[in-house]
Amino acid sequence: MKQRVSALLREKIGREVVLEKPRDRSFGHFATPIAFSLAKELRKSPMIIADELASSFEDSDVFSKVEAVKGYLNFRLSEEFLAQYASWALSNPSDFAKQEKNQKILLEFVSANPTGPLHIGHARGAVYGDTLYRLAKHLGYDITAEYYVNDAGNQIDLLGLSIQLHARENLLDETVEFPESYYRGEYLDGLSRDAMEKFGVEIFYDESRQKELALWAKDEVMKIVVKDLGDLNIFFDTFVYESGLYADWDRVMKKMGSGIYEKDGKVWIASEAKGDEKDRVVVREDSRPTYLAGDIVYHNQKFERGYDHYINIWGADHHGYIPRVKAAVEYLGYDAQKLEVLLSQMVSLLKDGEPYKMSKRAGNVILMSDIVEEIGADALRFIFASKKSDTALEFDLAEFKKQDSSNPIFYIQYAHARIQTLLSKASVSREDINVSSLKNLGENADTLLFDALLLPEVIEDAFTTRQVQKLTDYLKSLAASLHKFYYDVRMIGTDDEAKLLKLLLVVGLSLKTGLSLLGIEAKDRMEKEAE
RNA sequence: GCGCUCGUAGCUCAGCUGGAUAGAGUACUGGUUUGCGGUACCAGCGGUCACACGUUCGAAUCGUGUCGGGCGCACCA
1 MKQRVSALLR EKIGREVVLE KPRDRSFGHF ATPIAFSLAK ELRKSPMIIA DELASSFEDS
61 DVFSKVEAVK GYLNFRLSEE FLAQYASWAL SNPSDFAKQE KNQKILLEFV SANPTGPLHI
121 GHARGAVYGD TLYRLAKHLG YDITAEYYVN DAGNQIDLLG LSIQLHAREN LLDETVEFPE
181 SYYRGEYLDG LSRDAMEKFG VEIFYDESRQ KELALWAKDE VMKIVVKDLG DLNIFFDTFV
241 YESGLYADWD RVMKKMGSGI YEKDGKVWIA SEAKGDEKDR VVVREDSRPT YLAGDIVYHN
301 QKFERGYDHY INIWGADHHG YIPRVKAAVE YLGYDAQKLE VLLSQMVSLL KDGEPYKMSK
361 RAGNVILMSD IVEEIGADAL RFIFASKKSD TALEFDLAEF KKQDSSNPIF YIQYAHARIQ
421 TLLSKASVSR EDINVSSLKN LGENADTLLF DALLLPEVIE DAFTTRQVQK LTDYLKSLAA
481 SLHKFYYDVR MIGTDDEAKL LKLLLVVGLS LKTGLSLLGI EAKDRMEKEA E
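Using the numbering used here, read the first sequence as starting at 1 and increasing by one per residue.
Derived from the structure by calculation, the hints contain no laboratory data. Treat each hint with caution, since some may be false.
[As the list claims (entries may be wrong)] Pairs of lysine-lysine, BS3-like flavour, derived with a Cα cap of 25 Å:
1. 255 to 274
2. 278 to 326
3. 476 to 21
[Claimed, not checked] Estimated spans, in silico, between C-beta atoms of each pair:
4. 340 to 209: 10 to 20 Å
5. 176 to 197: 29 to 39 Å
6. 69 to 238: 21 to 31 Å
7. 205 to 305: 36 to 46 Å
8. 190 to 237: 21 to 31 Å
9. 202 to 102: 53 to 63 Å
10. 197 to 291: 25 to 35 Å
Glycine included, each C-beta is placed from N, C-alpha and C at the ideal position.
Sequences and hints are given; from them, build the entire structure.
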């Protein structure tokens with residue numbers, strides 16, 4: 001709709017025009033302050049310009065009214081236009097709000113180390129990434145979801161050691177000294193038991209077999225990670241393993257040319273020249289590559305695979321890492337502009353109003369799977385999607401278990417269920433509903449119809465600005481409009497029943513489509529709360 | 001100390017490519033259809049948009065500075 005209006009304006013005025021939503025719907029469907037910016041160039045008062053522009057739209061079928069108010073230009077779409085658009089959407093529900101974009105995007109997210117199950121902090125980045133992925137898919141981008149598995153380096157050795165000690169302490173009742181830095185947590189119980197079955201007790205005592213144990217364990221941990229993500233409706237297209245990348249290191253190093261140099265027996269990347277705080281070591285004196293080396297090879301591989309755009313979602317604590325990776329990308333001869341790094345901020349939990357501290361060492365980490373069990377995948381996804389990803393977030397578990405309007409996901413689901421209930425009580429046939437006209441329904445219904453048809457713009461906006469909360473906000477307000485409409489207007493048994501139910505179908509379609517983009521399935525009926 | 005980021009209602013958060021009286025939920029107070037699920041709806045209360053200066057016809061939004069919070073500043077990943 002907006003594109004259509006924009007195009008008309010561009011034609012008339014000869015430039016790109018900012019369209020906004022009027023604060024008050026009585027002003028119209030769209031508005032623009034364009035006259036203010038034209039005022040200077042034309043040396044005329046904004047009021048007069050707006051008046052002139054308004055009258056030039058008089059004979060358009062798209063608008064029923066265009067008027068100038070205090071320099072603003074307000075547009076009201078015609079019933080005819082809205083009704084046609086709605087009918088098209090209903091007869092092509094799977095195409096509603098879809099587009100064809102010609103861009104290949106690689107989206108990397110989560111990428112948590114395979115040393116333990118995902119915790120609540122990972123969940124935020126996971127939900128954010130998956131929501132962007134769904135939006136992009138819907139908009140027609142050719143997008144790939146990728147998980148980078150850091151299965152090399154110290155933390156993997158540590159995993160092997162941690163299992164050995166955990167097993168000896170818990171399975172074999174030994175008293176062992178557990179160093180600070182080792183991993184703890186319940187998941188080690190299962191791993192220890194499985195390891196004992198597979199390898200026998202000896203493996204917990206044999207230092208030379210730590211590596212073997214670790215390599216087995218990280219794959220087991222990845223299985224847990226993938227399953228937990230699946231429970232949240234999150235799936236990846238590809239997994240890239242860090243351990244498999246280093247074979248390519250020599251070639252990649254040469255490719256960076258002057259970006260790489262040797263000093264003090266180590267190999268460095270000249271990242272300072274590209275905006276980093278200082279140069280970084282990529283190969284140590286003992287010739288072991290650093291983590292950065294792996295990431296360089298990985299990004300080289302990404303670019304060699306040839307996408308138009310790359311998005312990485314990282315935890316906010318990695319923000320200092322961005323300049324060095326971009327520097328590497330430039331030395332590799334690629335356009336660092338194509339690499340977009342989005343940060344997912346910290347999450348803090350409140351329990352009974354008190355901050356709850358997590359610590360890996362203490363093993364009291366709040367696991368993502370625990371939260372899913374507690375409040376459900378839908379509520380978790382919704383709450384994370386509805387907060388801007390780059391601000392720190394605090395949330396209280398109790399809030400999201402409630403089943404009333406204080407819990408937005410519940411409120412939206414109820415709106416959708418309400419529509420289904422009404423449809424099931426209809427006294428007219430589906431055919432009558434489909435062929436009925438959406439005209440002459442009155443002010444309230446027109447408003448609701450317009451709101452429901454805004455979905456395509458919202459999806460586009462949410463993706464291009466990477467602000468997925470625009471979608472959740474939209475769904476909340478559409479649900480509110482529906483609930484209000486339901487309260488105000490009786491539908492079943494009235495003369496306008498078929499028309500009104502058609503309107504509900506449009507609203508239902510937007511709710512359902514919007515929810516599915518959040519990875520949430522719309523419900524047809526609400527379960528009564530079990531006391 | 002340096003860098004990034006945030007500071008909007010009692011609380012949790014939107015709004016930030018500058019635009020019409022700053023929004024929602026929650027909390028609190030009071031109400032609601034002789035009707036389609038009241039798991040809903042309405043109204044009231046509540047704001048010097050951290051502070052100061054600047055740019056502009058116009059600033060929560062842009063710029064500079066101050067104060068305050070978070071994160072980062074590894075040859076760890």
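Now for the hints, and whether the structure bears them out:
| no. | hint | result |
| --- | --- | --- |
| 1 | 255 to 274 | 17 Å, holds |
| 2 | 278 to 326 | 13 Å, holds |
| 3 | 476 to 21 | 17 Å, holds |
| 4 | 340 to 209: 10 to 20 Å | 43 Å, violated |
| 5 | 176 to 197: 29 to 39 Å | 21 Å, violated |
| 6 | 69 to 238: 21 to 31 Å | 53 Å, violated |
| 7 | 205 to 305: 36 to 46 Å | 44 Å, holds |
| 8 | 190 to 237: 21 to 31 Å | 28 Å, holds |
| 9 | 202 to 102: 53 to 63 Å | 58 Å, holds |
| 10 | 197 to 291: 25 to 35 Å | 33 Å, holds |
Violated hints, in rising order: 4, 5, 6; the structure is consistent with all others.
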